[in-house]
Amino acid sequence: MRPVSGVALLLGLMALPAALGQRSSESHKNSNESFAIVSFKWDHVKEPYIIALWILVASLAKIVFHLSHKVTRVVPESALLIVLGLFLGGIVWAADHLASFSLTPTVFFFYLLPPIVLDAGYFMPNRLFFGNLGSILLYAVIGTVWNAATTGLSLYGVYLTGIMGELHSGLLDFLLFGSLIAAVDPVAVLAVFEEVHVNEVLFIIVFGESLLNDAVTVVLYNVFDSFVAIGETNVTGIECLKGIVSFFVVSLGGTLVGIIFAFLLSLVSRFTKHVRIIEPGFVFIISYLSYLTAEMLSLSAILAITFCGICCQKYVKANISEQSSTTVRYTMKMLASGAETIIFMFLGISAVDPEIWTWNTAFILLTLVFISVYRVIGVVIQTWILNRYRTVQLEIIDQVVMSYGGLRGAVAFALVALLDGNKVKDRKLFVSTTIIVVFFTVIFQGLTIKPLVQWLKVKKTEHREPKLNEKLHGRAFDHILSAIEDISGQIGHHYLRDKWSNFDRKYLRKILMRRSAQKSRDQILNVFHELNLKDAISYVAEGERRGSLAFIRSPSTDNMVNVDFSTPLPSAVESSVSYLLREKAGPVCLDMQALEQRRKSIRDTEDTLAHHTLQQYLYKPRQEHKHLYSRHEIMHSEDDKQDKEIFHRTMRKRLESFKSTKLGINHSKKLNKIHKRDRGQKRRNSSVIPNGNIPPENPVQDFALKEKDLEFSESEENNDYETLHLGKGVDFLANVTKQNFTDAPAGDMDHDVEMTEYSSSDDQLNQNGSVSVNPLHFFPSCLQMPWTQNYSSLENRGNISLSAVSEYIASCDPNVPDLFWESGTDMKNKETVNSGYCSEVSFKSENSQEENTLLMFEGLEDSYMKEPQEKKMLLDIEGNYRSAAARRVQSRRSFHRPKPLHHPKLQKLASLPASCHVPPHSLEQEETQL
Amino acid sequence: MALSMLAQESGSVTSEQIEHLHRRFKQLSQDQLTIRKENFDSIPDLEFNPIRGKIVHAFFDKRNLRQESDGLAEEINFEDFLTIMSYFRPIEMNMDEEQLDRFRKEKLKFLFHMYDSDHDGKITLQEYRNVVEELLSGNPHLEKESARSIADGAMMEAASICVGQMGPDQVYEGITFEDFLKMWQGIDIETKMHVRFLNVDTIAHCY
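As you go down the protein sequences, you meet chains P and F in turn. Residue 480 in the numbering used here sits at position 480 of the first sequence; the count goes up by one each step and never skips. Residue 963 in the numbering used here sits at position 33 of the second sequence; the count goes up by one each step and never skips.
Hint data in this document are derived by calculation from the structure and do not stem from the laboratory. One should not assume that every hint holds.
Dumping the calculated EDC-like pairs for lysine to aspartate or glutamate here, alpha-carbon to alpha-carbon at most 16 Å [as the list claims (entries may be wrong)]:
1) P/K425 <-> P/E355
2) F/K1039 <-> F/E1108
3) P/K506 <-> F/D975
4) F/K1037 <-> P/D478
5) F/K1052 <-> F/D1109
6) P/K499 <-> F/D975
7) F/K1112 <-> F/E1087
8) P/K506 <-> F/E977
9) F/K956 <-> F/D1010
10) P/K425 <-> P/D225
11) F/K1035 <-> F/D1109
12) F/K1112 <-> F/E1036
13) F/K967 <-> F/E977
14) P/K428 <-> P/E166
15) F/K1112 <-> P/E470
16) F/K992 <-> F/E1036
17) F/K992 <-> F/D1050
18) P/K499 <-> F/E977
Bear in mind the structure is a predicted one, so any value in this text is a computation, not a measurement.
Chain P on its own, in the form it takes in the complex (with noise of 0.2 Å):
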């Protein structure tokens, strides 16, 4: 499949130059003559075209690859983009004879690395980053070092015995040749890592030495070029300590480089409010100035922009906004793991270059054998000191895995390729030898480390749902550590964090951050975001799962709901969007790449999709579609706060009834207070609008009020929870005076039409409204007959009892869509209501079987919503309706305190015919006032 399709493109991709060559010669020749309407110009095109094309086939390629789960199980992407390299190379050569196309330096080092490294900065884990800092540093200086000259020494000790044969090299070329083959390479290791998790204290060792040892690698390798440049004889005492000088100035003058730009950055992204479309820009803009600024100044670029991105994400990620925040960790993936694939790609294909090619099989050998030799026992002696120091021990088993995760790559690559010809006499040796060690350390460790590590048993990192207990001890931990070190008089690790702590709350936050940010912006609160934001989910995948989100008011589920949100619900919940997103959020992997993007897809598709579902379900209607076209702002209305209503309304309930269940809440006290302050509220309301009903006449005055309503201050929300919870009849009752606020789900209406909708169902709704309160004041003789008994009867009687069952749907039909942000919409007329009614509450509480005839009206009315939009649409959707309903009242089943009675009946209820669930329209003008 792979190779075939390779061909087809790349046949295609050979022919085009030839084929649009010949049509633009033609097209030359005409517009010799007249005007050409259509010309090609392929010359014209022809670089960017190369390279968009080359990109494409990349992708592409990543996309066969991944067609087959089993490949790329086994085989690492990056071993197979280089064999696609190969292959691809090999046809190139093979058509022209040319290699045209190969990883340049200027190519490799200004646009491939920076994307990478910056990534690899943005989504550092800082905190086990800083933590094993100490160690990092150990294995990135000394270890590198160690493995430069070891490497070095030993091939130039080999050359001296001969077996090599002739070659044109002293010992500052092998110890050149030594410093560039030294480095373990980020690209190389994340590329391999991210599909060996292994746990996350090995893999940000291996990765953080692989990003730290630039420095290291840069000056070594500086040094030894400017000495090879200067010959053997000159390089004096003084010109090593210059080389041991420049070590540190690189290092730290990247890191430096890095840290101010990352001030920068944090300091532009503060003020970018008014421009959010180009917020994300800043960040890359930025991070790259860093990269170049260092590489002017000889400085270490990748620190530069390693630190840049780790000191930066804090701040960044807190000012900007969410849209922001995920436009530029999507571009940041994206670029990087482009940057990876044509690497690789391209690694491959360059090495398809006679050229460049010197075989000389003693030199390759031991380079191979050296280099691994030489990094295992670095790692132990490393190890060894590192272990009379650290708390977490390296384990024999880390030791091996870091020793054979010592991957090399394309950093190697491009610094051998930079080699002068003329001053390194030898550098098409080194070229080869530089891409076999890439080649074989890539494909060869990297299909062998996955089996390695499964084999030795390595400690995994096992993904655990964010849990607020854990992080909430996990500060008090923090707090109690440093604490017990400043009492023993130690300078440790946790008095340094506090110490780091405190001075950025007190001075870097107030400068870096807005001061929006600096509120939210507290770990334990974000993970009770997270939280929330998966109670809404499961909220609504359980609403999905029923096909109406009705049961979230119902507080007979709350207990079902409560228990255990981490557990899947059963059944039919696999075909809803959300659980399948979540799915997606698997287990953890340990590797930068993956851990972001679980992070991400947690939050992300959560985000989204409690975005996405609970405007498609609940706020629509209230959204003013704007259709306007603005490149400088996107629309997003008010998603944020509706998000905010609705965690807030899930968390509230969760804990109101957790309460109740816990503390046992003396109701009737409770009750009691909220009568009357509800009765105030009512004073205050009936001025403005008597009886709490809104004149029908005035529709859009309605919207005035309901907007208004809805920021309503927080306090007066809770008490509207706490009147809608105490009473589990609170709630329906509240419910029934709301319909004035009845919106229909409108897809992508126009506003206008909407609001001509508004007014003309408004009319009719406010009618009903007061006469959809009726059945609740009948409600205590219906008790006396239980719903049940409708049915059994509704079942014998047929048509009679069919039509009374349609009149009380009819009744019912405006009340229930508010469901969904009554409790967001302080509704004035609901606490009128609510006052009046709360002395009924106690009833209603005991009946809860009614709950579930209720709840499945509502269900039927819920879908009737659409009605008064889409009259025609009904009779069609109307056989989908029916079934809907016997299948909320089937899964209802499960969830509820077993009522095998009265099931079989609702069942039949819901199977009855269509008509009789068209509202007759005729009975909703009946209208009582209140």
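Keeping the supplied structure of chain P fixed, place chain F upon it in accordance with the hints.
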């Protein structure tokens, strides 16, 4: 003499470290034999710790001092000081499963006592709220209300972990130590709850 005996008692705290701690103790107590609560005020770095009250409290909590009695000690001597400190010693490589388990429980018990301020063996919602409020007090922008709701949420989570499905009438009174253990399952506290007692010169650091 006494020092070396203590060294044996408190496990991995070596005599060298004990000497260091002893110096520190004398520094804190101003060469008295016992430390009182006020002595902790002299540590400047502790000032910014949001839960410093709880931590200092823990030093005087008799439950942590392995005394049979309950309640608060007025003052603690060096031995007690060392006992508290030994809660924070790192695990040793040669510990077997059983020792590890006991070790873990000891550490968790210390934490638990810190939360359970009224000594009734349960972390009630109110107690939890207090802790969370203190924890978040470092952030001036955070309202008390949200701290409370976080505590509530955490409590609910605890309830769902420990009790599982709750009936509507069931009341979850608070987190018992058993529940506390359950909540910490899978988190390797042993490797986290430790302070490395290095021999850092503390004199300069104190003022």
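Which hint numbers does the structure go against, in order from smallest to largest?
-> Hint check: nothing fails, all pass.
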